[in-house]
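Colleague: For the record, the sequence lines run as chains A and L.
To convert a position in the first sequence, counted from 1, into the working numbering, add 1446.
To convert a position in the second sequence, counted from 1, into the working numbering, add 1446.
No false leads were slipped in.
The calculated DSBU-like cross-link candidates involving lysine-lysine, where the alpha carbons are at most 30 Å apart (straight line), are:
| id | chain 1 | residue 1 | chain 2 | residue 2 |
| --- | --- | --- | --- | --- |
| 1 | A | Lys-1529 | L | Lys-1465 |
| 2 | A | Lys-1606 | L | Lys-1465 |
| 3 | L | Lys-1606 | A | Lys-1465 |
| 4 | A | Lys-1725 | A | Lys-1529 |
| 5 | L | Lys-1465 | A | Lys-1747 |
| 6 | L | Lys-1529 | A | Lys-1529 |
It is worth saying that the hints were derived from the structure and are not from the lab.
Protein chains: 2
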Amino acid sequence: MKVTMAHGSGGESTSGLIKNVFAKYFNNDILNRLEDSAVVPGNSRLAMTTDSFVVTPIEFPGGNIGRLSVCGTVNDLLMSGSKPMYITCGFILEEGLDLDDLERQVKALSECAKEAGVTIVTGDTKVIENRGGEPGLIINTSGVGFIPDGSEAIGPSNLKDGDVIILSGNLGDHHAAILSKRMGIENNIQSDAAPLTEAVGNLMAQKIRVHAMRDVTRGGLGTVLNEFAESSDCEIDLYEEKLPVSSEVRDFCGLLGLDPIYMGNEGKFVLSVHADDAKKALSIIRGSKYCENAVVIGEVKKNNRAVDMHRVILNTAIGGKRVVGLMYGEGLPRIC
Amino acid sequence: MKVTMAHGSGGESTSGLIKNVFAKYFNNDILNRLEDSAVVPGNSRLAMTTDSFVVTPIEFPGGNIGRLSVCGTVNDLLMSGSKPMYITCGFILEEGLDLDDLERQVKALSECAKEAGVTIVTGDTKVIENRGGEPGLIINTSGVGFIPDGSEAIGPSNLKDGDVIILSGNLGDHHAAILSKRMGIENNIQSDAAPLTEAVGNLMAQKIRVHAMRDVTRGGLGTVLNEFAESSDCEIDLYEEKLPVSSEVRDFCGLLGLDPIYMGNEGKFVLSVHADDAKKALSIIRGSKYCENAVVIGEVKKNNRAVDMHRVILNTAIGGKRVVGLMYGEGLPRIC
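With the hints as extra help, turn the sequences into a complete structure.
Modeller: Okay, structure coming up:
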């Protein structure tokens, strides 16, 4: 069966699609009411986020758009120090999409939501014309998380002199997996798309003094750290030889002239922690799912220069120093 | 200037777009932090909703996609009896879209959010290829509202025998405006896209016993009332001569063989209220912005038939009775 324009009409066909495809997997008391708005229990402070996922192809080694669309939103919520609670899903389907393909994505999304401990509370479906190429789909997920009372502010402007920068695992996997698939290159590279619920939950539970935290997605590590340095007006010193990259991704990058510092991941985060907590934080992260390759990659230094000299410096393996600037241009389009 | 694929990369160009286009209009303390997640104050019960807007053309008589994308989500939140508080915006832009066109939509969205009393707390931007036709854009908005403590449950399964059905204004305006524009038909029909904040807020403030409430969008009044009748296992009797349709929309429908009962609006709602409150409710609604043509259109009757005979009955102007079924097929694609 194929998706038709009628599936987006709001009438009988839409309702059939919801019952036969979505309700089959998104099965909870709140969603089952099939209201346009979901009513959920609240709390004192909320985190909200939204992300649209337009990745092509929709299935790739190690993941798919369904899983990705939970990971992206859950990880965004986690990075604010909140506990992700509820997510909404907006599906935008291209006419002609195979319902089996859709169902696989809905299933993956549902499974990933369970893994991440979030409830899908409401959704929406629209259909647009296919104007060429394989009919695809776009998924928007938005989410709400609760911030525990009394928790410290976490944000890119909170970096402190002497902080230690920890990265939760290998760089570039998602980017390299997508690109390999698009180019038809055969290798064993898998996307790292994963919810970071366990690692972040453990850090919070152990009251680690996290000053800033960000998942490494579009724009890569270079972009995130530049934002940290600018917001906090500080310098970040990185050690090139510590940056974790799998040998396969390293080879892939060498071949194509790519720099892992600017490549997107979907299951990695970087954080700036109080120096006294760094050892404990590293051990907690390494002991958490999807984070066994976590390492200390650098440190934060006060900005002793003129204004606007907040910078990210890479100390290269051969003893040189290189400024890591912002990423310019396209990066890889439709990577998430 | 045109949107390029680089605007969706997460790098420098994305950040320029956010600063130059979005931040210019979405200007509030929460959003200005430009975090992936927004932290907002909470409450005891939340309503959440999501909606993607794919309407074509993006500008039409009486509205545009920017205004529409606030109205849709705000009205969904209102219909749950909540006070809409925060919305998120996900923009999906087609490569080649003119930045001036985008800016007009962002502006309209921002102005409508102010009118509706909601705060835009976080956003996301993606770019996809244009595969033919005018480059367009899709907007997802998701929202959170707070439900006042002690308020009665409002929902399609709460209709009571004897309830009065009130409709807040003329049917079919949005649908007819979009279709006129697409077909190049010249007339004065305007979309009714509007946030229903004032009318619903007034009803809630006056403690009107609203049992169910729904905005009349895709699928039209017929679809909404069928859902009410099915969820509450009751019959709804409508009076055809009371259904409000402007003379211009009536002529337009006559010409094209359209039935206003299945046509989408974007600034109308239908509600089922306790009979004793009906007069007061009607007066409150009529006194509120965008609702001056509100009327009583029917009543709720107990289902005295066999199971599954919950129905919507139209008592026609010439004394006949007609079952109003669900809408089948496409309706008008990409109307919202």
